[in-house]
Each structure stands twice: as structure tokens, then as C-alpha cells.
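Asker: Can you build the whole structure from these sequences, using the hints too?
In this note's numbering, the protein residues as written are 1 to 260.
Note that these hints are calculated values from the structure, not bench results. Where hints are given, some of them may not hold.
[Unchecked claim] Quick list of the computed label-pair ranges, beta carbon to beta carbon: (1) R60 - G32: 38 to 44 Å; (2) D186 - E128: 17 to 23 Å; (3) M133 - F86: 33 to 39 Å; (4) A119 - P190: 17 to 23 Å.
All C-beta atoms, glycine included, are put in the ideal place defined by N, C-alpha and C.
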Amino acid sequence: LMLFYISSLNLMSDWTCYSVAPIAVLTQEAFGKIDPELLVVIFLGANAIATAMEPIILSRLGLRRTIVLGSIILMVGSILKSGLPFISPPLRKNVDEWKVYWGFFFVGLSQPLYQCTPALLSGSWFPEKERTMATGAALNSNQLGIGCAFVFGSLMVETSEDIPTYFSTLSLISIFIFIGCLLQFDDAPPTPPSETARIERGTISISLPESLSVRNITSSMRDIWRMLPSNSRKMKRQTTQSGSNTGPPKIYHGGTLQSQ
1 LMLFYISSLN
11 LMSDWTCYSV
21 APIAVLTQEA
31 FGKIDPELLV
41 VIFLGANAIA
51 TAMEPIILSR
61 LGLRRTIVLG
71 SIILMVGSIL
81 KSGLPFISPP
91 LRKNVDEWKV
101 YWGFFFVGLS
111 QPLYQCTPAL
121 LSGSWFPEKE
131 RTMATGAALN
141 SNQLGIGCAF
151 VFGSLMVETS
161 EDIPTYFSTL
171 SLISIFIFIG
181 CLLQFDDAPP
191 TPPSETARIE
201 RGTISISLPE
211 SLSVRNITSS
221 MRDIWRMLPS
231 NSRKMKRQTT
241 QSGSNTGPPK
251 IYHGGTLQSQ
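Answerer: Structural data, given as C-alpha cells:
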């Protein structure tokens, strides 16, 4: 289920990015001064900004909150360029085109928050043998989204009047994905699928071997200190001095010092 949500988010983001590619002429007829190429540039520019911020956000929020945040931004961007699905009036030509640009900006801003995390999801939710498959499925959903943009864009949009309905459909899907992520997405399963997954979740205690105990380390460091050249010469000097002060006792015979 977690893989489904993260794959759906990736699919919707690239579907939105290329949603106007097959209907560029009709988009200009519907909204007026709209540059389809500029929409893609804005999307990718926002994507680059969020990609640089994603590691910091992930370290602060964790996997679940990062995914939920990405789904919120995706939903906001989709609604911004369409209005509330099938409720709000369509955008006005030559007046509301700025909403389309901002909508693409927000969707592009959301993408790295779930596009850069499939490996972390696979490590937490899947055993080692299934992680490559899970990561590949989540990443390849981007390509599936591009395909959906060309297929459904050509099928659903025949005239410029069909574009508001098309955009509202994308917004409705993004709302459902956000609700699902908010209610069901989690950082990791209650029972980790493998030992490595438990380590990533920080639930396994790793005990040090006896050779690495504090007492043995301290003793070893003391022996190494004694073996250093400067300390060895000092110890030899002390031994020589102590040896020179020892010997057989000496007695006096007639005022003359003699050894016994």
C-alpha cells in the first residue's frame, strides 16, 4: 500500500508536468498568454530547488511527514490551476493564467519529496530480495505518468473547452492520494521485514565484543604508551639510577670506606 501511494505521487507529478505537451495549442486558446515550454521550465526549476532541500526536510520530518507534505503541495498545485474539481468556475482567459504557472510551480516543488525517497521506503518496508523491485516500481511510475499525459491528454481534450475538465480530473485524483497518504502512510511496519530494516529503524541493540570493552581498551592504550620511544628511554634511565643506588652494604675500617 505504501508503494502504491508513493508510485501514485510520482505518476501524478510527471503527468502534470507534461499535461499540456500534447495539447499546447488548445491550452493557449483556453487560457490566452500561456507558454507551454515555460510551464515545463518553471516545473523543473521548482524541482531543482526542492531537490536541494529534500535531505534537510527528510531528516527533520521523517518519511511519513515528508510524503504527506509532498502530497499536500501536489494537491494545492493541482487545485490552483483548476479550482475545486467540478465546483469552481473555469479559469478566465487572459486573467487567471498566473494560476496555471503557480500550479506548475507547486507541483514541481512537491516532486522531490516523494521522488527521492523510494529507496528509504524499500529499506523500511521490504525484505532485501524485494527492495530492487520496489524501488524500480516507484521510480518507473514517473515514466508511466509521462505516458498518461500524452494518452489521456489526447483522449480527454478535443477542444479548448475540455481543458478545465481535464485539469479538474487531475486535481480530484491528487485529493484522493493526499487523503490516503494522510490516513494510511506510515514510516515502517510494526514488524520489520528484515534485520537490516530493524537497524534502519533503530530498534536493534548492537553489543560490543569483550575485546572492545572499556577496561581492555584502557589497558591496551597504557601498554602502547609505555612502548613509545621517549617513555622507554625514561623508564631505562629510572631503572639505571635505581640500580646504581643498590649494592652490598659498605662499612668503615679504621676510617677507610670498604665494601663488605
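Asker: Each hint needs a verdict: does it hold in this structure or not?
Answerer: Results of checking the hints against the structure:
1. R60 - G32: 38 to 44 Å: holds (41 Å)
2. D186 - E128: 17 to 23 Å: holds (20 Å)
3. M133 - F86: 33 to 39 Å: Hint holds: Cβ distance 37 Å, inside 33 to 39 Å.
4. A119 - P190: 17 to 23 Å: Between A119 and P190, where Cβ atoms are some 21 Å apart, the hint holds.
The earlier numbered hints are all upheld by this structure, with none contradicted.
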